[in-house]
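Based on the sequences and whatever the hints tell you, model everything.
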Amino acid sequence: MQTVKIPVSIDPFRAATSRQVYHGTVPGVQLKRLTELCAGDCSDVAVSLECGVDLQGIVYLKGKAVTELTLVCQRCMTLFTTEVTVEFCFGPCRTKAEIDELPDAYDPIECNEVGEVRLHQLIEDELIVAMPIIPMHQEIDCSAGSKDIVVGEIEPAHEERPNPFAVLEKLKSK
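Position 115 of the sequence shown, counting from 1, maps to 115 under my numbering, and the rest follow consecutively.
Everything labelled a hint here was simulated from the structure, so no lab data went into it.
Remember, predicted model here, so these are calculated numbers, not experimental data.
One thing to keep in mind: the hints can contain errors.
[To be verified] Using 25 Å as the maximum straight-line C-alpha spacing, the simulated BS3-like pairs for lysine-lysine come out as follows:
{"no.": "1", "residue 1": "K32", "residue 2": "K5"}
{"no.": "2", "residue 1": "K62", "residue 2": "K32"}
{"no.": "3", "residue 1": "K5", "residue 2": "K62"}
[To be verified] So the derived label-pair ranges between C-beta atoms look like this:
{"no.": "4", "residue 1": "C142", "residue 2": "K5", "range": "34 to 40 Å"}
{"no.": "5", "residue 1": "K5", "residue 2": "D104", "range": "30 to 36 Å"}
{"no.": "6", "residue 1": "E36", "residue 2": "L168", "range": "52 to 58 Å"}
C-beta: ideal position from N, C-alpha, C; glycine also.
Put into structure tokens, the structure is as follows:
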């Protein structure tokens with residue numbers, strides 16, 4: 001199957017009735033917010049997307065996105081690449097009432113005023129959420145490794161201070 005560019009936006013209801021399936025890429029340079037979070041340009045995102053209607057008559061967008069990101073290891077402060085993969089299953093909604101009625105198996109996604117869903121933005125949002133909170137190499141690959149880092153000395157508590165509430169305890173016992 002030929003890989004093509006994923007459309008920027010689609011009408012999910014029309015795509016679901018015709019059971020559209022997309023296999024393609026989203027250019028990494030178009031994902032500005034994701035690129036800002038990386039240490040370099042992010043690679044193109046491989047996306048597979050299926051549009052359909054389930055047995056309950058609910059329209060869904062189900063898919064997977066995979067990309068490689070260049071991040072800064074927070075342990076040794078060097079660059080490394082990591083693969084980020086997300087799987088998603090959305091139910092497009094036009095009104096707030098539809099959002100409340102949507103089963104838990106689907107994450108709600110609001111359609112814009114034209115009734116379309118912006119796929120590039122949706123995929124970028126999912127990848128941002130899936131990024132590691134604290135990016136780090138695996139310990140064996142990291143130049144800092146498992147070395148303990150000592151920032152300062154903690155002095156042991158030598159003396160016990162009297163309890164400030166001891167006076168109240170004496171008053172209570174009277």
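These are the hints, each one checked on the structure:
1. With a C-alpha separation of about 17 Å, the suggested pair K32 and K5 falls inside the 25 Å cut-off, and the hint holds.
2. Note on K62 and K32: the hinted pairing holds, with a Cα-Cα distance of about 24 Å set against a maximum of 25 Å.
3. Restraint check for K5 and K62: satisfied, since their Cα atoms lie roughly 17 Å apart, inside the 25 Å limit.
4. Under the hint 34 to 40 Å, the C-beta atoms of C142 and K5, about 36 Å apart, fit the expected range.
5. Take K5 and D104: their Cβ atoms lie about 32 Å apart, and the range 30 to 36 Å holds.
6. Separation of E36 from L168 is about 56 Å and conforms to the stated range, judged on CB atoms against 52 to 58 Å.
Consistency with the previously given hints is maintained throughout, with no hint failing.
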